[in-house]
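Chain by chain, the residues run as shown.
2 protein chains.
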Amino acid sequence: MDKFVEYIECISFEENEQTKSVIPVPKEKDIKIFVNGYELVSILCTPYKIKNLVVGFLYSEGILSHLEDIESFELKQNDSIADIKLKGKFEKPLKKTLTSGFGKGTMFRSDGKKVSKGGYISPVKINSLVKQFENKMELYRISGAVHATALGDSDTVLLVAEDIGRHNTFDKIQGECLMKGIDTKGKIILTTGRISSEMLLKASRMGIAVAGSMKSPTGNSVLLAKEFGITLIGHANGSKFVVYTHKYRFSDFAGD
Amino acid sequence: MDKFVEYIECISFEENEQTKSVIPVPKEKDIKIFVNGYELVSILCTPYKIKNLVVGFLYSEGILSHLEDIESFELKQNDSIADIKLKGKFEKPLKKTLTSGFGKGTMFRSDGKKVSKGGYISPVKINSLVKQFENKMELYRISGAVHATALGDSDTVLLVAEDIGRHNTFDKIQGECLMKGIDTKGKIILTTGRISSEMLLKASRMGIAVAGSMKSPTGNSVLLAKEFGITLIGHANGSKFVVYTHKYRFSDFAGD
Numbered sequence: 007m008d009k010f011v012e013y014i015e016c017i018s019f020e021e022n023e024q025t026k027s028v029i030p031v032p033k034e035k036d037i038k039i040f041v042n043g044y045e046l047v048s049i050l051c052t053p054y055k056i057k058n059l060v061v062g063f064l065y066s067e068g069i070l071s072h073l074e075d076i077e078s079f080e081l082k083q084n085d086s087i088a089d090i091k092l093k094g095k096f097e098k099p100l101k102k103t104l105t106s107g108f109g110k111g112t113m114f115r116s117d118g119k120k121v122s123k124g125g126y127i128s129p130v131k132i133n134s135l136v137k138q139f140e141n142k143m144e145l146y147r148i149s150g151a152v153h154a155t156a157l158g159d160s161d162t163v164l165l166v167a168e169d170i171g172r173h174n175t176f177d178k179i180q181g182e183c184l185m186k187g188i189d190t191k192g193k194i195i196l197t198t199g200r201i202s203s204e205m206l207l208k209a210s211r212m213g214i215a216v217a218g219s220m221k222s223p224t225g226n227s228v229l230l231a232k233e234f235g236i237t238l239i240g241h242a243n244g245s246k247f248v249v250y251t252h253k254y255r256f257s258d259f260a261g262d
Numbered sequence: 007m008d009k010f011v012e013y014i015e016c017i018s019f020e021e022n023e024q025t026k027s028v029i030p031v032p033k034e035k036d037i038k039i040f041v042n043g044y045e046l047v048s049i050l051c052t053p054y055k056i057k058n059l060v061v062g063f064l065y066s067e068g069i070l071s072h073l074e075d076i077e078s079f080e081l082k083q084n085d086s087i088a089d090i091k092l093k094g095k096f097e098k099p100l101k102k103t104l105t106s107g108f109g110k111g112t113m114f115r116s117d118g119k120k121v122s123k124g125g126y127i128s129p130v131k132i133n134s135l136v137k138q139f140e141n142k143m144e145l146y147r148i149s150g151a152v153h154a155t156a157l158g159d160s161d162t163v164l165l166v167a168e169d170i171g172r173h174n175t176f177d178k179i180q181g182e183c184l185m186k187g188i189d190t191k192g193k194i195i196l197t198t199g200r201i202s203s204e205m206l207l208k209a210s211r212m213g214i215a216v217a218g219s220m221k222s223p224t225g226n227s228v229l230l231a232k233e234f235g236i237t238l239i240g241h242a243n244g245s246k247f248v249v250y251t252h253k254y255r256f257s258d259f260a261g262d
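These protein sequence lines are chains A and B, in that order. Using the working numbering, the first residue of the first sequence is number 7, and each one after it goes up by one. Using the working numbering, the first residue of the second sequence is number 7, and each one after it goes up by one.
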């Protein structure tokens with residue numbers, strides 16, 4: 007299993023203690039599925055048991071009915087392409103029935119934007135923001151089973167959005183900021199959900215300086231946070247948290 | 007917030023105690039987004055702050071750059087359609103850049119299948135399966151931040167799949183069963199992730215009798231489980247769980 011994990015050097019903040027540690031995060035990979043030469047879909051996944059995933063997906067979506075429908079199955083280009091030839095004719099799915107689900111992975115762009123330097127903040131403030139955030143979750147308190155995301159400056163949680171879809175909470179924050187004229191640049195975003203690469207890209211487009219989650223990030227989101235200049239935080243619980251990238255924003259680490 | 011929640015009558019099993027209770031689960035709704043008359047995408051979401059969500063999504067996807075790009079915004083048909091007219095021309099996104107994300111919501115079908123009656127099981131066995139499942143998670147133990155799903159019969163966990171994507175774990179199980187010739191009909195599926203309506207539909211196509219999660223289901227998955235004859239379980243932790251639908255499979259409730 008170890009090869010599906012990346013080990014990231016990071017710093018854990020707990021009370022006034024800072025500890026260097028190496029934390030494993032799961033790898034993620036984008037796999038393009040071609041059926042009879044037609045690019046059907048890309049799936050972001052853990053690159054383990056890829057053939058099971060692709061065959062199961064095609065079966066579940068009704069594109070194949072039996073294993074015997076497959077003429078050939080090939081993983082190409084370092085497992086980034088699954089190339090399937092079916093014995094029979096392949097009917098392209100109707101565009102209109104494409105739906106995007108909870109994760110709302112359907113995206114029409116996958117670019118990010120480098121965020122500005124600055125936005126220094128003390129570790130204590132992160133803990134305070136996490137506690138404020140927890141107090142402002144409403145739907146979660148009633149029903150659980152939803153995600154929540156907060157936007158804040160270094161002192162105060164400004165907005166909270168809740169939704170069954172992780173990505174939706176980011177879009178709800180983005181929409182509310184546009185409509186209320188709140189500038190998201192240099193702000194802090196905190197979320198109950200894992201920060202996937204797609205969420206990291208959304209944060210970068212908002213110009214977010216610090217993106218924090220109560221959960222672990224994925225390998226790709228660590229890479230993207232590095233590239234786009236975002237301070238990425240995980241495992242935040244109001245009294246401690248782990249910093250994966252751009253630690254310089256924590257004043258004690260200025261110049262890091 | 008209460009109107010974004012459904013209250014479901016269910017039974018909690020803890021040791022040998024059974025308690026009737028009413029548990030809130032979050033509502034979910036499918037919202038179709040039309041831009042200048044073109045059906046862009048459907049988003050499954052919590053139907054609260056819908057305008058924020060849609061505006062934020064369109065902005066994040068680069069379809070609008072300013073709030074002023076919007077000529078009109080209308081929610082129609084009981085909020086199931088968001089109809090946006092842009093002032094400028096709308097360029098349809100290129101099909102090729104469609105990706106499906108962690109949730110892998112992209113689906114080409116949304117039909118389910120009624121599963122067969124039968125598949126009685128004692129509550130004690132569910133707890134035992136959950137414990138077996140927990141012992142068989144590998145990637146989760148190393149890195150956290152992934153989902154795991156197990157397929158079992160009433161005694162034993164047969165297969166486990168792990169992935170950063172909730173839906174991917176179901177597809178990996180489905181694929182492995184196809185390739186190993188394991189019949190999924192009447193089997194039990196357990197997952198660390200929330201069972202959304204899309205996952206419930208996948209389970210129904212597999213003929214799963216009992217679908218259990220460590221988390222809460224959503225309102226729609228309860229409805230679909232009722233319709234498709236699946237016993238839906240939530241909040242399972244190895245010593246207790248909650249049953250939302252088709253309780254008759256628990257022998258004590260035969261005939262329920």
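It should be emphasised that the hints constitute simulated quantities derived from the structure, not laboratory data. Incorrect hints may appear among the rest.
Copies of the same chain are indistinguishable here, so a pair counts whether it falls within one copy or spans any two.
[Claimed, not checked] Distance condition first, Cα-Cα at most 16 Å in a straight line; then the derived EDC-like pairs of lysine to aspartate or glutamate: (1) Lys9 / Glu144; (2) Lys82 / Asp8; (3) Lys120 / Glu12; (4) Lys33 / Glu20; (5) Lys253 / Asp8; (6) Lys98 / Asp85; (7) Lys93 / Asp75; (8) Lys123 / Glu20; (9) Lys253 / Glu77; (10) Lys38 / Asp75; (11) Lys38 / Glu140; (12) Lys253 / Glu80; (13) Lys119 / Glu97; (14) Lys137 / Glu21; (15) Lys57 / Glu12; (16) Lys221 / Asp8; (17) Lys232 / Asp161; (18) Lys246 / Glu140.
*With 16 Å as the alpha-carbon cut-off, assign the pair Lys93 and Asp75 to within, between, both or neither.*
within (6 Å within a copy, 48 Å between copies)
*asked:* One pair to classify: Lys253 and Glu80, alpha carbons no more than 16 Å apart. Within, between, both, or neither?
replied: So Lys253 and Glu80 fail the 16 Å test inside a copy (42 Å) and across (44 Å) alike.
*16 Å Cα cut-off: does Lys232 pair with Asp161 within a copy, between copies, both or neither?*
neither (24 Å within a copy, 47 Å between copies)
_I want to check one pair: Lys253 and Glu77. Are their C-alpha atoms no more than 16 Å apart within a copy, between two copies, both, or neither?_
neither (51 Å within a copy, 43 Å between copies)
*asked:* I want to check one pair: Lys123 and Glu20. Are their C-alpha atoms no more than 16 Å apart within a copy, between two copies, both, or neither?
replied: neither (25 Å within a copy, 53 Å between copies)
*Check Lys221 against Asp8 for me: Cα-Cα at most 16 Å, and say if that holds within a copy, between copies, both or neither.*
neither (20 Å within a copy, 27 Å between copies)
*asked:* As a check of your reading, is Lys253 near Asp8 (CA-CA no more than 16 Å) within one copy, between copies, both or neither?
replied: Neither, since 26 Å and 40 Å both go past 16 Å.
_Intra/inter-copy verdict for Lys82 and Asp8 if alpha-carbon distance must be at most 16 Å_ = Cα proximity of Lys82 and Asp8: none, with 22 Å in one copy and 50 Å across.
*Could you place Lys38 and Asp75 in one of the four classes (within, between, both, neither) given a Cα distance threshold of 16 Å?*
neither (20 Å within a copy, 33 Å between copies)
*Within, between, both or neither, where Lys119 and Glu97 count as close if Cα-Cα is 16 Å or less*: Neither: 38 Å inside a copy, 22 Å across copies.
*Could you figure out if Lys137 and Glu21 sit no more than 16 Å apart (CA to CA) within one copy, between two copies, both or neither?*
Cα proximity of Lys137 and Glu21: one copy only (14 Å, versus 35 Å across).
*Is it within, between, both, or neither for Lys38 and Glu140, if the alpha carbons may be no more than 16 Å apart?*
Neither: 38 Å inside a chain and 31 Å across chains, both beyond 16 Å.
Consistency note: the structure conflicts with the earlier hints numbered 2, 3, 4, 5, 6, 8, 9, 10, 11, 12, 13, 15, 16, 17.
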